[in-house]
Every structure is written in structure tokens, then in C-alpha cells.
Amino acid sequence: MKLVDKFTLWFIGVVLITTPITSYICFYNMEKKIDEAEIARLKGINTMAATRLQNGQPAGVPTAEQPTTVTELAVMPADSLLITKVGLRDGNKKLDECRITVSSFYTIHNKHYQVSTISHVPASSQVLSAIMDTVIWKLLLIAVFVALTARLLSRRILYCLRLTMEQIHHFNLKEKIAFPKTNTQEFKELNNFLQKMTDRAVDEYTAVKEFSENASHELQTPLAILRNKLELLSETNIEENQAALISDMQNAVEKLSKINRSLTLLSKLENNEFTVSEDIRFCKVAKDVLAAYEDRIDMKQISVKTDIDKNIRLRIHPALADMLMNNLLGNAIRHNVQNGRIEVVLTHKKLVVMNTGLAPEIPTEELFERFKKSNQCSESVGLGLSIVKQICEVCDFNVSYVYHSPMHILQVDFQPSKVRQEPPARAQDNLTPSLAI
Amino acid sequence: MKVLVVEDSREIASSVHDFLIREGYICELAFTFDEAQEKLLLFSYDCILLDIMLPDGNGLELLKLIRDKDIQSGVLIISAKDAMDDKIKGLEGGGDDYITKPFHLPELHARLRAIYRRKKLSGNNIITFNEITLNTDTLEASIHDTVLDITRKEFDLLLYLVVNKNRVLSRQSIATHLWGDYTDNLANFDFVYQHIKNLRKKISAANGADYIDTVYGLGYKFNSSKV
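Chains as they are written, first to last, in this note's numbering: chain W, 1 to 437; chain P, 438 to 664.
One or more of the hints may lead you astray.
Derived DSSO-like pairs (lysine-lysine); straight-line CA-CA distance at most 30 Å [said to hold, decoys possible]:
#	chain 1	residue 1	chain 2	residue 2
1	W	K284	P	K526
2	P	K506	W	K229
3	P	K557	P	K506
4	W	K229	W	K258
Rather than coming from a laboratory, the hints here were simulated on the basis of the structure.
Since the structure is predicted, the reported quantities are computational estimates derived from the model, not experimental observations.
Kindly generate the complete structure, drawing on both the sequences and the hints.
Structure, rendered in C-alpha cells:
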């Protein structure tokens with residue numbers, strides 16, 4: 001439910017509850033005032049009649065203009081004033097009027113008199129119906145105007161909120177956003193808060209990004225120095241045990257530089273630095289990488305079965321395509337057994353790389369995590385599959401890894417769109433109505 | 438060969454210097470943009486090793502200078518940035534080749550030699566050492582005029598060894614030279630040994646001397662003093 005509907009309903013609810021109460025108060029007060037005014041007038045007439053009696057003038061016969069009757073009483077009643085009000089009836093039908101009789105009691109010249117004057121006032125039902133008419137019109141007008149103007153007003157007042165929400169909707173960590181100016185206190189606070197929050201997020205993201213970029217960049221020079229000095233050292237006159245030490249160091253430097261390169265690549269992937277504008281022929285990449293690994297496949301005496309369709313075009317950065325294939329195939333060879341098997345299937349829809357190998361020691365899905373290795377003490381760095389996953393994310397592919405003894409099956413779906421892309425699209429739809437306030 | 442090394446890291450520059458001096462090259466160093474600019478305008482070099490990131494300027498600017506002044510030197514770009522666009526910019530700007538830090542010195546040397554052959558020896562593609570002749574154009578290797586039946590990888594390996602003769606070549610450096618980016622997925626460097634073994638077999642089958650020595654656990658060395 002929209003904010004404006006909630007407010008409208010609340011407002012109408014309040015009006016519905018208060019209107020009967022105020023109507024009753026209004027009715028009560030009106031009737032009272034009418035009666036009071038009439039009674040005061042009649043009392044005045046009575047007093048005049050009494051004055052005439054005092055002066056010895058005749059009371060006169062009551063007429064329509066002078067509806068005053070004077071009656072002589074034997075005993076003086078306790079009250080000096082008696083007011084009666086009766087609804088007039090014409091047979092069974094209630095008339096629109098009430099009759100008010102005001103009787104005053106006087107003692108004049110030792111005689112007791114009752115002076116009564118009658119008058120007619122509108123009946124309660126008359127007053128009530130007048131009020132009801134007004135109230136109904138009032139309610140109707142309020143409802144119509146509230147319904148009409150609330151939307152206009154909310155569009156105007158909440159315009160700023162809507163802009164803010166749109167801004168947040170399109171917010172990404174790469175750039176700061178400016179929120180619209182507003183004179184509404186709450187929105188001002190909200191915008192200030194969001195501004196601080198988003199600025200901070202952007203700053204921290206930039207800092208982290210810069211850190212990883214700088215760290216890997218700054219590491220490269222010391223690594224180069226280490227590597228080169230070791231190379232120079234290995235050319236001096238050294239003995240076998242020294243050579244072993246140098247060799248160990250070279251291995252360590254090698255691994256360090258691999259980790260460094262992989263982490264740099266991962267951060268580049270996360271930054272979406274690989275934008276593509278055209279499709280490439282993935283089948284060619286696959287064949288090239290297979291050719292590059294030919295000697296290593298031969299060395300392990302692995303039998304390779306390929307089923308690569310022709311003319312497979314994919315929207316992927318050439319460097320990423322190469323890396324994807326390189327990592328998948330490299331893993332398939334490295335984690336293979338002597339005389340093992342590799343199967344590569346490439347169609348328009350998917351790429352499947354299957355290989356024989358030892359059973360994984362941890363759940364296969366976990367192997368996509370950084371530095372996770374099935375065999376923790378193995379020589380590899382443990383970033384290959386993370387890179388594969390990241391590449392797939394960048395390209396909107398879906399990657400899965402299952403182990404069906406004895407095959408490790410890595411599958412990349414190129415078009416997971418129908419199944420995979422819909423949930424996020426729906427999620428966006430869900431957001432849209434809440435944006436339109 | 439006369440080489441100018443433009444590199445702000447003195448340690449790297451000195452490593453390169455020490456390595457190249459042993460080859461009998463004349464090697465001069467420039468640590469800043471200004472120094473490099475001055476040297477480029479005053480002297481002539483066969484090859485220039487150019488770091489893109491300099492404290493007082495961008496190496497790409499120096500490339501522009503080299504092109505504008507029509508300086509006929511081969512340029513090997515060194516960069517810590519493994520970025521594609523840097524590579525493309527560098528090569529489009531007039532660089533002849535590109536190498537990323539951290540590099541192996543023998544690899545740097547091999548690339549320098551390749552540039553030198555292309556640019557200065559006017560594309561001379563024959564490399565000879567005693568009975569071994571390598572043709573970098575046709576990728577043919579022959580011993581005593583007998584053409585060896587070797588694979589592309591083995592040819593590259595032999596060329597790498599000959600160019601870096603009497604140098605200790607670590608297995609990592611050989612692997613990187615032969616497989617480039619595809620080295621990352623290697624569990625170990627056993628296959629380097631395999632290739633060396635095959636190459637030795639093929640050379641000795643053609644009555645070539647066994648020049649390739651194993652250096653302890655470190656790697657291999659093309660020993661030119663063997664007969």
C-alpha cells in the first residue's frame with residue numbers, strides 16, 4: 001500500500017470518528033441555544049404581563065400574537081418558573097415543531113397568578129436533519145478533496161524522496177552520488193544520512209581497491225629484484241647445497257608472483273575492467289589452448305576426447321576466454337592421473353570439461369572459494385577455480401562442478417538466462433512499485 | 438650491443454646491468470625521465486629497455502620522443518602493470534616488445550636479442566653456434582647441416598639456451614619462456630626436464646656435442662666450452 005493511501009485512509013478514519021461526535025455536540029448546542037433564547041424572550045413577555053397586572057390592567061385574552069394566559073392560583077408553587085417543551089403531534093404524525101410553554105408565578109396584590117406564554121421552536125428532528133445534511137456534504141467533500149489532492153500533494157512533497165530512492169536504486173560502489181535538495185526536515189536528514197553512508201561506502205571501496213591494486217603493483221618490483229638477484233646469485237660459484245637453497249627460494253618467488261598475479265586479476269575482474277564489445281569465436285580459443293597443452297597432455301599420457309562444435313560465438317573478452325579455458329584445462333591436466341582421460345565438450349550452450357582424478361576431499365562447490373584446495377599441501381595456489389567463477393560471473397555464465405566417480409565434471413552454461421536471470425529481473429520489478437510513491 | 442636501461446628501481450637496473458655486462462654489451466643506466474631523455478638525445482643505442490612508470494614522467498612520452506626524433510633503437514618495454522591496454526599502448530607507441538615485472542633476466546635477454554636481430558641485424562634470422570644453426574624464420578634447427586626433427590617447443594628451448602649460453606637457466610625461467618601464461622597451471626616443472634631430455638637425445642642423434650648441463654637442482658646451462 002502506498003504511503004499516500006495509508007495517510008488518506010487514516011485521515012478519513014479520523015474524520016469518520018470525529019464527525020458524529022462533533023455533530024452531536026453541534027446539535028445539542030444548537031438546540032440548547034435556540035431554547036435558551038426562546039425561553040428568555042418568553043420570560044420577558046411574562047414579566048411584561050405581570051407588570052400590567054401590577055398596574056391593575058387586565059391581562060387580556062391570549063391571541064396568536066399575544067399567546068399569554070394569566071390564571072389565578074390558590075397556592076403558590078415552590079418554583080417561580082416552570083418550563084415545558086412538547087413535540088406537537090397532528091394525530092399520529094409528528095410535526096416539525098415543538099411547543100415551549102414558560103410559566104412564571106407571581107404574587108400580586110396578595111393574589112397568586114400563573115403567567116404562561118407559549119411559543120413554537122423547530123423540533124429536534126428538524127435541527128438534526130439540518131445538521132445531518134451538512135455533515136454528509138462535508139464528509140463527501142472532504143473525501144473527494146482528500147482523495148484528489150493527496151495524490152497531487154504527495155507527488156509534490158514526496159518527489160524528493162522518490163528522487164532519492166531512484167538515486168539509491170542506481171547506486172554502485174564506483175561513483176559518489178548527489179542527493180536532491182529539499183526543505184522537508186525528514187528528507188533532509190534522510191538525504192544527509194544516505195549521503196554520508198554512500199560516500200563512505202564509495203571511499204572504502206576505493207580504498208580497498210586501491211590497496212589491492214597498489215599492493216600487487218608494489219609487490220612486483222621487489223619480486224622482480226628477488227628473482228633477478230637469485231638468478232645472478234645462481235651464476236656465481238656455488239656449491240650443491242647452496243644451489244638447493246637458491247632453488248627453494250626461486251620456487252617460493254615463483255609461487256608468490258603467481259599468487260600476486262592471480263589476485264590482481266581477480267580484483268580486475270571484480271572491477272569489471274574487461275569490457276567487451278564484440279563476440280569472439282570461442283571454439284578457436286578452445287582449440288588453441290588445447291594445442292598449447294598438447295605436450296603436457298602427452299607427457300602424462302592422457303587420452304583426450306574432444307567434441308567441439310564449429311563457429312561458437314560468445315561475448316567474452318579474448319583474454320578472459322583464454323584464461324577460462326586455460327584454467328579449466330590446466331586443472332584437468334594437473335589433477336589428472338597418469339594415463340587418465342579428459343573430455344572436452346563445447347556446444348552453443350555449454351562447455352564441459354571432464355577429467356579423471358582423485359576424489360575430492362572437500363565438497364566440490366567449496367573449491368570455487370579462494371585458496372581452497374582439495375589437497376591442501378599440493379603445489380597449486382588454489383585460485384584457479386576462483387578465477388573461473390569470477391570470469392563466469394563477469395560474462396553472465398553459470399559454472400558448476402560435480403564429481404561422478406571417476407570423473408570431475410566442470411560445466412559452464414553460456415545461456416543460463418532463462419532459468420537464472422529471471423529471479424533478479426523479478427526482484428527489480430518488486431522494487432519498482434515501491435519507488436512510485 | 439649498446440643498451441640503455443631506463444628503470445627507476447636501482448636494484449632492478451643494476452641486476453640488468455650486471456647480467457648484460459657479462460654478455461659483453463655496453464650497458465648504460467638512466468633512473469629518471471630527464472636522464473633518459475638527455476642520454477637518448479646525446480648518444481645512440483641499439484636497444485632501449487624502457488620502464489613505463491618513471492618518477493618524473495611516463496615512459497610512453499619517451500617512446501614518443503624516440504619516434505619523433507627518429508631514433509633507430511629497438512625498444513623493449515618493461516612494466517609492472519599487467520594491463521592489456523598498457524601493453525597495446527606501449528606497442529602502438531613504437532615499442533618492439535613488452536615484458537612484465539617480475540621478469541627472468543634470461544627471458545629479458547632473449548627478447549632483447551630478438552629485437553636486436555630484427556632491427557639491427559636487418560632481420561638476420563640465422564643464429565649459429567659451432568655446429569648448431571638455428572633459423573628463427575623457418576624455425577629449423579640443424580647440426581652439421583642435418584636438419585633436426587624437433588617440435589616448436591624444442592626449437593624455442595634450444596634457441597633460448599643458445600642465446601643465454603653459459604647462463605644458469607632456472608626451470609621456472611624455461612617454463613615461462615616456453616609456455617608463457619600457461620605456466621600458472623603447472624604442478625611442477627617435470628615437463629621442462631622432459632623437453633631437455635628429448636632435445637639432448639635429438640642433438641646427440643645428429644652427432645652434436647652435449648652442450649646442455651644440469652646445474653644441481655637449479656636448472657640447466659648451455660655450456661659452450663664443451664667440444
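Problem set entry | Structure-inconsistent hints, enumerated in ascending order | Of the numbered hints, just 2 does not hold.
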